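A.B. asks: Could you put together the complete structure from these sequences and hints?
Quick note: the working numbering has the sequence shown finishing at residue 374, numbered continuously throughout.
Since the hints were derived computationally from the structure, they do not count as laboratory data.
The structure displayed is predicted, hence computed values, not measured ones.
There is no bait here: all hints are sound.
Distance ranges between label pairs, derived from CB positions: (1) E38 <-> K180: 40 to 50 Å; (2) D192 <-> R348: 18 to 28 Å; (3) S41 <-> D164: 37 to 47 Å; (4) R348 <-> P227: 34 to 44 Å; (5) D99 <-> L183: 40 to 50 Å; (6) D24 <-> S209: 47 to 57 Å; (7) M212 <-> R40: 54 to 64 Å; (8) E59 <-> D99: 13 to 23 Å; (9) L183 <-> R316: 24 to 34 Å; (10) E38 <-> E367: 49 to 59 Å; (11) S209 <-> S41: 47 to 57 Å.
The list that follows gives simulated cross-link-like pairs (lysine-lysine, BS3-like), each with its CA atoms no further than 27 Å apart: (12) K114 <-> K36; (13) K180 <-> K198; (14) K23 <-> K114; (15) K92 <-> K236; (16) K236 <-> K248; (17) K92 <-> K114.
For glycine and all other residues, C-beta sits at the position ideal for the given N, C-alpha and C.
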Amino acid sequence: MRTEITKDVLSRAAAAFQTKGELRSCVPYGSGHINDTFRLDCEIPYILQRMNRDIFRDIPALMRNISLVTSFLREKILSRGGDPERECLNLIPTRDGKSFYRDPDGECWRAYLFIERASSYNLVRRPEDFRESGRAFGNFQLLLSDFDASLLTETIADFHDTKKRFLRFREALTEDPLGRGKSCEREIRFALSREMLADRAMSALREGRLPLRVCHNDTKLNNIMIDDESGKAVCIIDLDTVMPGLSLFDFGDSIRFGASTAEEDERDLSKVHFSLPLYELYREGYLEGSGGSLTEEEIRMLPESARLMTLECGVRFLTDYLSGDHYFHTSRPAHNLDRARTQFRLLEEMEERLSLLS
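C.D. replies: Right under this line is the structure:
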């Protein structure tokens with residue numbers, strides 16, 4: 017059972033970090049599923065997050081990953097004359113110089129500089145935003161192309177191993193602790209009928225047809241900060257899942273999230289469509305940002321990655337629904353089932369138009 021976040025809990029956590037000036041306000045911020053996020057307003061603004069220990073079991077390793085990657089990015093950005101305080105996440109140390117604070121209840125907190133005059137979006141407002149996010153994630157991969165991936169800890173084991181996601185799905189289906197299987201028989205059949213797709217990317221890695229890279233592994237549009245004036249990507253956020261992976265994971269997850277015409281939990285499936293023009297825009301930006309670093313096989317499998325990541329995400333939502341909603345935050349009954357249905361409808365449209373993807 018996680019500790020309730022009271023005003024006293026927040027005040028104690030905020031006071032643990034080397035922030036400038038007195039605390040003026042602390043309010044909930046953003047719409048993330050996993051961590052609890054707040055905006056701190058002091059002399060300058062900050063982000064304060066309570067990390068989800070149910071998901072991230074090794075907080076010291078997670079924070080070590082983030083410290084390593086942000087320090088590396090900071091040096092890269094400085095070397096090309098950029099502004100690292102705006103172009104990458106900046107961890108705020110605790111009063112005793114650590115990267116995170118563990119409160120008396122065992123909850124773990126971290127703080128970042130708040131990136132001002134920039135916003136993240138759950139849906140594409142204009143096509144340029146999506147192309148720009150593709151360029152940013154491609155560039156993120158390029159910047160980390162000479163980072164030693166062996167230094168990173170796998171924060172969530174088998175995060176994008178779709179075959180293993182299906183194994184967990186089958187376990188949840190067998191156990192069905194709340195008897196929810198009867199309410200989603202169509203979705204179960206849909207997922208199982210596509211299980212043969214699950215191992216295509218990882219088998220290509222094992223066979224040496226795809227290279228292992230340092231990946232963000234959660235490349236949704238809302239993990240990009242877009243400058244409010246220029247419309248250009250400023251910074252990539254949410255580095256909890258930065259670890260070794262495939263470029264296909266990053267590309268496919270972006271398409272899954274950003275080339276959809278509906279919110280991730282839309283209940284009206286008639287609003288859920290796959291936008292081929294947005295796909296093409298993102299692909300163009302991603303290839304530009306990655307600076308020619310992708311192999312021919314990676315480029316060939318980009319369309320397949322969109323299908324794979326959408327299937328995987330739908331299976332994850334459905335698994336969580338069957339298991340009792342322990343992973344993703346929910347705000348209504350059957351919320352995770354709604355999310356799964358949206359992903360599967362999106363996948364259906366991708367399948368219909370797959371031959372048009374290039």
